[in-house]
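The residues making up each chain are set out below.
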Amino acid sequence: DAGVIQSPRHEVTEMGQEVTLRCKPISGHNSLFWYRQTMMRGLELLIYFNNNVPIDDSGMPEDRFSAKMPNASFSTLKIQPSEPRDSAVYFCASTLWGIQETQYFGPGTRLLVL
Amino acid sequence: AQTVTQSQPEMSVQEAETVTLSCTYDTSESDYYLFWYKQPPSRQMILVIRQEAYKQQNATENRFSVNFQKAAKSFSLKISDSQLGDAAMYFCARVQGGSEKLVFGKGTKLTVNP
Numbered sequence: 001d002a003g004v005i006q007s008p009r010h011e012v013t014e015m016g017q018e019v020t021l022r023c024k025p026i027s028g029h030n031s032l033f034w035y036r037q038t039m040m041r042g043l044e045l046l047i048y049f050n051n052n053v054p055i056d057d058s059g060m061p062e063d064r065f066s067a068k069m070p071n072a073s074f075s076t077l078k079i080q081p082s083e084p085r086d087s088a089v090y091f092c093a094s095t096l097w098g099i100q101e102t103q104y105f106g107p108g109t110r111l112l113v114l
Numbered sequence: 001a002q003t004v005t006q007s008q009p010e011m012s013v014q015e016a017e018t019v020t021l022s023c024t025y026d027t028s029e030s031d032y033y034l035f036w037y038k039q040p041p042s043r044q045m046i047l048v049i050r051q052e053a054y055k056q057q058n059a060t061e062n063r064f065s066v067n068f069q070k071a072a073k074s075f076s077l078k079i080s081d082s083q084l085g086d087a088a089m090y091f092c093a094r095v096q097g098g099s100e101k102l103v104f105g106k107g108t109k110l111t112v113n114p
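Protein sequence lines, in the order shown, are assigned to chains V and P. Under this note's numbering, the residues of the first sequence are numbered 1 to 114, in order. Under this note's numbering, the residues of the second sequence are numbered 1 to 114, in order.
It is worth saying that the hints were derived from the structure and are not from the lab. Hints are not guaranteed to be accurate.
[Stated by the list, open to error] Simulated pairs of lysine-lysine, DSSO-like, Cα-Cα distance not exceeding 30 angstroms: (1) P/K78 x P/K106; (2) P/K70 x V/K78; (3) P/K106 x P/K70; (4) V/K68 x V/K24; (5) V/K24 x P/K78; (6) V/K78 x P/K106; (7) P/K106 x V/K68; (8) P/K109 x P/K70; (9) V/K68 x P/K109; (10) P/K106 x V/K24.
Here the structure is a predicted model, which means the values were calculated and not measured.
Can you make the complete structure from the sequences, with help from the hints?
Right, dumping it as structure tokens:
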């Protein structure tokens, strides 16, 4: 069974450019989470979806960040315009809420904004 | 804000010996879930073990076990017969009541010496 899939695995971009991170959750899972990991702040929840609906986006740092989940198999996290302080590892995780509470993580996307 | 505290930024252990990683948490709820995740240098977040707060019995997964003290709000991880592959960052996490949010500790870096 495939796990959570994220792409790209690495992204290097210049300040001001648009960045789009992609995630495919585990088939059958109904909740999807986006996290950011930095040395300074550790692991932070940015936003999560339940049945494709955003439930809590209080962790999204600012309006430059947006996330969508158009269907149960796909989600995107977009940063526009990107800034050097956005450099981090971004994780996507999924779970089958109501049945199990364990979140399964993707391999992460390492973003470097120059 | 409800927090998860890992008081040991770094720990080391000799191969084949036992090590215990500490975690305490803050909660006002009676039902919740606790997790230990492992993050090796590859940065993949791997579930090690989970504990349901309503269960008295401590969870065990092969060489990994927990000491769950609900009244003390303590959730330590014991790794027996440590192996070189156990070297990683270990994160304690808790599902926040009333939502699906995982709250993470800052992590403990475990070094295994041959």
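Now the hints, each set against the structure:
no.	hint	result
1	P/K78 x P/K106	holds, 18 angstroms
2	P/K70 x V/K78	violated, 40 angstroms
3	P/K106 x P/K70	holds, 21 angstroms
4	V/K68 x V/K24	holds, 12 angstroms
5	V/K24 x P/K78	violated, 33 angstroms
6	V/K78 x P/K106	holds, 26 angstroms
7	P/K106 x V/K68	holds, 28 angstroms
8	P/K109 x P/K70	holds, 25 angstroms
9	V/K68 x P/K109	violated, 34 angstroms
10	P/K106 x V/K24	holds, 27 angstroms
In the structure shown, a violation is registered for the earlier hints numbered 2, 5 and 9, in ascending order.
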